Amino acid sequence: MKIIELKTGTLKIEPNKILDNLVSFGSRINKKRGFFFVSKVTGKHMPVQPSKMLDTYKDLASLIPISDEPTLFIGFAEAATALGQGVYEAYNSPNSFYIHSSRFTTSNKVLLSFQEEHSHAPSHIFYEPIDEDLKLMLQDITRIVLVDDEVSTGNTANNLINELKTIFPYVGDYCLVSILDWSSKNYDNFKCLSLYKGAFSFEKNNKEIENKIKSHPHHHEITNLDTIIPYNFGKYGVKKLDIDMSQYTDIKKLKGKKVLVLGTAEFMYVPYLLAKYIEESGVECYFQATTRSPINIDGEITSKIEFVDNYFEDIDNFLYNVMDREYDTIIICYETTALPKEFDLRVQLEKKFAVEEIFFEI
8 MKIIELKTGT
18 LKIEPNKILD
28 NLVSFGSRIN
38 KKRGFFFVSK
48 VTGKHMPVQP
58 SKMLDTYKDL
68 ASLIPISDEP
78 TLFIGFAEAA
88 TALGQGVYEA
98 YNSPNSFYIH
108 SSRFTTSNKV
118 LLSFQEEHSH
128 APSHIFYEPI
138 DEDLKLMLQD
148 ITRIVLVDDE
158 VSTGNTANNL
168 INELKTIFPY
178 VGDYCLVSIL
188 DWSSKNYDNF
198 KCLSLYKGAF
208 SFEKNNKEIE
218 NKIKSHPHHH
228 EITNLDTIIP
238 YNFGKYGVKK
248 LDIDMSQYTD
258 IKKLKGKKVL
268 VLGTAEFMYV
278 PYLLAKYIEE
288 SGVECYFQAT
298 TRSPINIDGE
308 ITSKIEFVDN
318 YFEDIDNFLY
328 NVMDREYDTI
338 IICYETTALP
348 KEFDLRVQLE
358 KKFAVEEIFF
368 EI
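Going by this note's numbering, the residue at position 21 of the sequence shown is 28; the numbering climbs one at a time, nothing skipped.
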């Protein structure tokens with residue numbers, strides 16, 4: 008039995024080489040769930056080479072039974088937006104499309120929303136596709152594939168599928184694909200496929216969590232997010248993202264450098280594609296993203312900076328395991344068309360790194 012001592016308690020888990028390649032361990036600032044599995048492959052809390060992320064997408068896609076059924080792939084904000092889209096792309100079925108949930112409220116028509124009970128940010132919004140062809144495809148789908156980074160109990164997926172069944176009564180095949188599966192019960196609603204399935208125990212202690220989340224003044228510069236996130240990179244349904252990355256970066260200037268590409272919040276897949284393009288051009292490149300997740304400096308989490316989000320919602324965002332690393336250039340990527348006055352991620356990073364910013368359009 009492997010014993011991991013964390014600031015919030017003791018995690019016990021069976022040692023396994025597959026698991027060691029997928030995650031390490033940390034602790035949450037969350038009294039409900041004090042432990043945290045720090046993914047080595049999703050690019051959320053640790054820097055990851057894009058090629059390693061692509062291998063994970065392919066591995067997960069290979070678990071899904073081959074079928075030409077009309078299929079909807081669904082990813083979850085915020086950690087699994089890129090994961091879901093990567094698995095969808097790797098599965099490569101022409102008779103399917105992808106959509107991910109969002110934390111952000113726009114004026115687009117909502118398909119459904121649901122609560123994730125154990126999460127620090129429980130609301131998921133699924134919007135209807137805005138493309139007319141995808142709307143027609145939605146009427147014909149007979150299979151839904153859910154993609155998430157981790158399954159704790161399976162309750163969230165089960166609750167969501169129960170709601171999906173009211174919207175899609177003609178869908179008979181539901182599949183949940185995940186990197187980790189800790190669930191101990193089987194559900195009749197769906198099949199669960201994962202790269203690793205196991206069990207663990209956690210005994211929390213009575214120590215205070217490391218730090219309280221700071222409160223920020225609510226300026227509410229923007230109340231309508233339609234103008235701030237006008238582009239559809241996945242939250243309104245996509246078949247294929249065809250973006251010429253060469254127009255966003257000059258590879259010649261990056262040659263010989265160590266580069267980190269940063270996604271922001273749930274905007275992960277497009278920045279991953281940029282990092283992949285840079286890496287495939289012969290540059291040492293890593294990918295990571297900012298997050299809402301409040302986590303202790305503990306275990307695999309070795310550094311942390313905090314800042315107000317770039318979506319004008321005055322929400323605490325974090326970036327882990329960057330300030331104690333070495334990079335020649337950091338490229339921050341946004342789907343937002345503007346930044347709040349209080350957003351100081353670049354300012355903090357420029358204390359140590361050369362920083363560029365890219366505002367993507369489609």
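Just so you know, these hints were derived from the structure itself, not from any lab. Computed from a prediction, not measured in an experiment: that's the story for all the values here. Hints may contain errors.
[To be verified] Straight-line alpha carbon distances no greater than 25 Å define the calculated BS3-like cross-link-like pairs of lysine-lysine that follow:
(1) Lys283 <-> Lys59
(2) Lys211 <-> Lys198
(3) Lys246 <-> Lys116
(4) Lys246 <-> Lys283
(5) Lys247 <-> Lys283
(6) Lys38 <-> Lys19
(7) Lys47 <-> Lys265
(8) Lys39 <-> Lys247
(9) Lys211 <-> Lys172
(10) Lys172 <-> Lys142
(11) Lys260 <-> Lys246
(12) Lys19 <-> Lys211
(13) Lys65 <-> Lys211
(14) Lys65 <-> Lys24
(15) Lys59 <-> Lys348
(16) Lys359 <-> Lys265
The hints, checked one at a time:
1. Lys283 <-> Lys59: Measuring from Cα to Cα gives roughly 10 Å; hence the hint holds.
2. Lys211 <-> Lys198: 31 Å, violated
3. Lys246 <-> Lys116: OK: Lys246 and Lys116 at ~19 Å, within 25 Å.
4. Lys246 <-> Lys283: Holds. Lys246 to Lys283 sits at ~19 Å (cutoff 25 Å).
5. Lys247 <-> Lys283: Since the Cα atoms of Lys247 and Lys283 sit roughly 16 Å apart, the hinted pair holds (cutoff 25 Å).
6. Lys38 <-> Lys19: Holds, because 18 Å separates the two Cα atoms, which is no more than 25 Å.
7. Lys47 <-> Lys265: Holds - the C-alpha atoms of Lys265 and Lys47 are around 19 Å apart, at most 25 Å.
8. Lys39 <-> Lys247: Roughly 38 Å between the alpha carbons, so the hint for Lys39 and Lys247 is violated.
9. Lys211 <-> Lys172: 37 Å, violated
10. Lys172 <-> Lys142: 17 Å, holds
11. Lys260 <-> Lys246: 32 Å, violated
12. Lys19 <-> Lys211: Given pair Lys19, Lys211 holds - Cα atoms ~11 Å apart, limit 25 Å.
13. Lys65 <-> Lys211: Cα-Cα ~36 Å, so violated.
14. Lys65 <-> Lys24: Distance of about 19 Å is within 25 Å: holds.
15. Lys59 <-> Lys348: 36 Å, violated
16. Lys359 <-> Lys265: 14 Å, holds
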